[in-house]
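Chemist: Given chain Z, put chain B with the ligands in place with the hints provided.
Spelled out from the first residue to the last, the chains are:
2 protein chains.
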Amino acid sequence: MRVVVTGAAGMVGRKLTKRLMEDGSVAGRTIAALDLHDVTPFEAMSSPAMHVTVHVGDLAAEGAAAALVAPRPDLVFHLAGVVSGEAEANLELGYRVNLDGTRALFDAIRHAGNAPRVVFTSSIAVYGGPYPDVIPDDFHTVPLTSYGTQKLMSEALLNDYSRRGFFDGIGLRFPTICVRPGKPNKAASGFFSNIIREPLVGLPAVLPVPRDVVHTHASPRSAVGFLIHAAGLDGGQVGPRRNITLPGVGVSVGEQIEALRRVAGQDAVDLIREEPDEAVWALVKNWPTRFEARRAGELGFKAETSFDEIIRAHIEDELSD
Amino acid sequence: MRVVVTGAAGMVGRKLTKRLMEDGSVAGRTIAALDLHDVTPFEAMSSPAMHVTVHVGDLAAEGAAAALVAPRPDLVFHLAGVVSGEAEANLELGYRVNLDGTRALFDAIRHAGNAPRVVFTSSIAVYGGPYPDVIPDDFHTVPLTSYGTQKLMSEALLNDYSRRGFFDGIGLRFPTICVRPGKPNKAASGFFSNIIREPLVGLPAVLPVPRDVVHTHASPRSAVGFLIHAAGLDGGQVGPRRNITLPGVGVSVGEQIEALRRVAGQDAVDLIREEPDEAVWALVKNWPTRFEARRAGELGFKAETSFDEIIRAHIEDELSD
Ligand SMILES: NC(=O)c1ccc[n+]([C@@H]2O[C@H](COP(=O)([O-])OP(=O)(O)OC[C@H]3O[C@@H](n4cnc5c(N)ncnc54)[C@H](O)[C@@H]3O)[C@@H](O)[C@H]2O)c1
Ligand SMILES: NC(=O)c1ccc[n+]([C@@H]2O[C@H](COP(=O)([O-])OP(=O)(O)OC[C@H]3O[C@@H](n4cnc5c(N)ncnc54)[C@H](O)[C@@H]3O)[C@@H](O)[C@H]2O)c1
Numbered sequence: 001m002r003v004v005v006t007g008a009a010g011m012v013g014r015k016l017t018k019r020l021m022e023d024g025s026v027a028g029r030t031i032a033a034l035d036l037h038d039v040t041p042f043e044a045m046s047s048p049a050m051h052v053t054v055h056v057g058d059l060a061a062e063g064a065a066a067a068l069v070a071p072r073p074d075l076v077f078h079l080a081g082v083v084s085g086e087a088e089a090n091l092e093l094g095y096r097v098n099l100d101g102t103r104a105l106f107d108a109i110r111h112a113g114n115a116p117r118v119v120f121t122s123s124i125a126v127y128g129g130p131y132p133d134v135i136p137d138d139f140h141t142v143p144l145t146s147y148g149t150q151k152l153m154s155e156a157l158l159n160d161y162s163r164r165g166f167f168d169g170i171g172l173r174f175p176t177i178c179v180r181p182g183k184p185n186k187a188a189s190g191f192f193s194n195i196i197r198e199p200l201v202g203l204p205a206v207l208p209v210p211r212d213v214v215h216t217h218a219s220p221r222s223a224v225g226f227l228i229h230a231a232g233l234d235g236g237q238v239g240p241r242r243n244i245t246l247p248g249v250g251v252s253v254g255e256q257i258e259a260l261r262r263v264a265g266q267d268a269v270d271l272i273r274e275e276p277d278e279a280v281w282a283l284v285k286n287w288p289t290r291f292e293a294r295r296a297g298e299l300g301f302k303a304e305t306s307f308d309e310i311i312r313a314h315i316e317d318e319l320s321d
Numbered sequence: 001m002r003v004v005v006t007g008a009a010g011m012v013g014r015k016l017t018k019r020l021m022e023d024g025s026v027a028g029r030t031i032a033a034l035d036l037h038d039v040t041p042f043e044a045m046s047s048p049a050m051h052v053t054v055h056v057g058d059l060a061a062e063g064a065a066a067a068l069v070a071p072r073p074d075l076v077f078h079l080a081g082v083v084s085g086e087a088e089a090n091l092e093l094g095y096r097v098n099l100d101g102t103r104a105l106f107d108a109i110r111h112a113g114n115a116p117r118v119v120f121t122s123s124i125a126v127y128g129g130p131y132p133d134v135i136p137d138d139f140h141t142v143p144l145t146s147y148g149t150q151k152l153m154s155e156a157l158l159n160d161y162s163r164r165g166f167f168d169g170i171g172l173r174f175p176t177i178c179v180r181p182g183k184p185n186k187a188a189s190g191f192f193s194n195i196i197r198e199p200l201v202g203l204p205a206v207l208p209v210p211r212d213v214v215h216t217h218a219s220p221r222s223a224v225g226f227l228i229h230a231a232g233l234d235g236g237q238v239g240p241r242r243n244i245t246l247p248g249v250g251v252s253v254g255e256q257i258e259a260l261r262r263v264a265g266q267d268a269v270d271l272i273r274e275e276p277d278e279a280v281w282a283l284v285k286n287w288p289t290r291f292e293a294r295r296a297g298e299l300g301f302k303a304e305t306s307f308d309e310i311i312r313a314h315i316e317d318e319l320s321d
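Residue numbers (UniProt numbering), protein chains in the order written: chain Z, 1 to 321; chain B, 1 to 321.
Please keep in mind that the hints were generated in silico from the structure rather than gathered at the bench.
The beta-carbon is built from N, C-alpha and C at its ideal position, and this holds for glycine as well.
A couple of the hints might just be wrong.
[To be verified] Computed beta-carbon distance windows for the label pairs:
id, chain 1, residue 1, chain 2, residue 2, range
1, Z, D23, B, P130, 24 to 30 Å
2, Z, A264, B, P130, 47 to 53 Å
3, Z, G63, B, S25, 48 to 54 Å
4, B, S25, Z, R164, 41 to 47 Å
5, B, K18, Z, H140, 34 to 40 Å
[As the list claims (entries may be wrong)] Covered by chain Z, according to a simulated footprint, are these stretches of chain B (three or more residues, beta-carbon under 8 Å):
id, stretch
6, 65 to 75
7, 147 to 155
8, 158 to 165
Bound-form chain Z, shown alone (with noise of 0.2 Å):
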């Protein structure tokens, strides 16, 4: 089969790529042609078994997504776009990569005809405060920032691409991926990561916000998983509602830090400084904290089950040999 990944040079797209590249099939077919898309210029593996071709350039420009898509894939997973951060700082960018970016895919997709499986990660920023205690799947979406906003509407746009027939399409509500490798980008979800990251290698983070915040995480393994996972699901089984809210881990941010003692001791908290940031406050107050899940579970989501395990998670693929 053909498959395409947009995004392909970001945190998820690079760890979503080697895992199909080591696989060498998904959803039960082996890979033919693997097609990766970024705006940032990166270079690929190359691969035995299959084709692999690096397509750079901005997906909401006249015709790339036309381009990408020509050879009619049968495996589309939509993860370009901008982090909250960003699309709140910078309106018009926000705008153009998530939604038109999207709408451009997904009209792209449209064209050529083929009605392919597509994969698309939103986000659960497409809710908005006052929650309840546990967020239940059918919880009313009033996104609080610009980046949710466009999660949302590009989440509607592939509901009604779906039923008409166009693609089959699942908009998968990521949680925080955490521990997020690398550096620091600029969603404000940075500091959940930071605090475990820096100090398992001996470097200070500061906490911006109260240890008593409570959010749901899955490891960057998890979202890999996840898309892998929607990619082989049964579009029947699935049912008109095509946006599903993922499962991960319902912690505080205390529980958090109790976890990265367990794991790696005393010495590693020690390297957490709380610098409360009022700016960062503003933002994390209205997130979400603990979701229910129960269709992502029905449909056999899986991610981890505590905090102690994505820190390992975390250790076993980006600190290992």
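Modeler: Chain B with the ligands in isolation, oriented as in the chain Z frame:
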């Protein structure tokens, strides 16, 4: 103040225009200038009290929205749109008018920079079934039509742009406006009006769905009332959730027919012929039934309280002289 109305040649637009001219003021302020826009050529009454300008063109066309709001209106009523049946039959037209037209207008207002009140006609089509008996304000929005999807995307944009202070938006989720005067349009909901309007003037009408179908209605007079009321609302009182589900009369088709009998007699009722139509039924059975509309009530929105009142409003407004 300067007021803009888009969709001014439409059913609601014409009635709103008439009311604005008669009142001479809105939201407590005198109307000095009224800019009326539609893609369908139309003529407006002239008014000695205000400067009325007719603009004809496609709101989604490059530059059209910018030209319309260049004089920085204080109040914008955005009614232009393609109805449900047409948006379903013509995908590109629906997205172009209902989404791109709305976005062009909202962006033009953002660029004009004077942050006016914007009143947008959304629809209960943003909801999708299955439904509870009475649909609460915070019921999740998973539309089952392209029209509903376009309205939902527009609502999301309105909410985000209001949050960011580009304008002070109010989205109104209109129930079905009944009795719709004039000729049937392409809305799949046409029969709700046909079975009343036609018999009242001695003409036959077809009922394509079972009599136990329940749906919520408000008169065109109430529709205008909603718009005028929204124009004068205190934005602070509305809060961060800018899209409001409006009240109406939730009745079965059987109850509509009973009301017709009470108001116009058995002869009128005898003109209704039941002729089940699978295509109409397939759409209608996914439509919402009754709404709680609690927030709208708290904010002072008012509709009829019985279907008899709705029929009498039609007779007074359309059949008297
Ligand atoms: N990481 C998280 O916690 C998280 C949570 C919820 C949702 N998501 C979503 O998952 C997806 C992947 O997340 P990530 O953490 O890998 O993000 P990332 O920022 O690491 O990767 C996104 C990629 O998209 C690319 N991109 C940006 N604009 C583009 C354009 N115009 N054309 C083509 N490519 C463009 C970027 O260059 C980047 O490589 C994103 O859509 C993100 O919104 C992530
Ligand atoms: N009537 C109802 O039952 C109902 C219910 C819910 C929501 N609404 C919404 O209320 C609004 C008014 O409804 P209505 O019943 O008066 O509809 P209508 O169809 O009578 O009027 C809509 C007007 O928009 C104009 N229009 C279409 N495309 C345009 C474009 N590209 N540029 C500029 N103008 C354009 C049409 O020419 C028409 O005059 C619409 O947005 C509709 O979706 C109506």
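Chemist: If a hint holds in the structure, say so; if it does not, say that too.
Modeler: Hint check results:
In this structure the supplied range 24 to 30 Å is violated for D23(Z) paired with P130(B), their Cβ-Cβ distance being about 38 Å. Hint check: A264(Z) to P130(B), Cβ distance near 48 Å, so the stated range 47 to 53 Å holds. With their beta carbons about 51 Å apart, G63(Z) and S25(B) fall inside the hinted range of 48 to 54 Å. A hinted range of 41 to 47 Å for the beta carbons of S25(B) and R164(Z) is consistent with their spacing of about 45 Å.
At roughly 36 Å, the beta carbons of K18(B) and H140(Z) sit within the given window of 34 to 40 Å. Look at the stretch 65 to 75 of chain B against chain Z: 0 of its residues bring a Cβ nearer than 8 Å to a Cβ of that chain, fewer than three, so the hint is violated. Proximity of the stretch 147 to 155 of chain B to chain Z, defined as three or more residues with a beta carbon under 8 Å from a beta carbon of that chain, is established by the 3 residues found. Coverage of a stretch by a chain is defined here by at least three residues with a beta carbon nearer than 8 Å to that chain's beta carbons; for the stretch 158 to 165 of chain B and chain Z the count is 4, and the condition holds.
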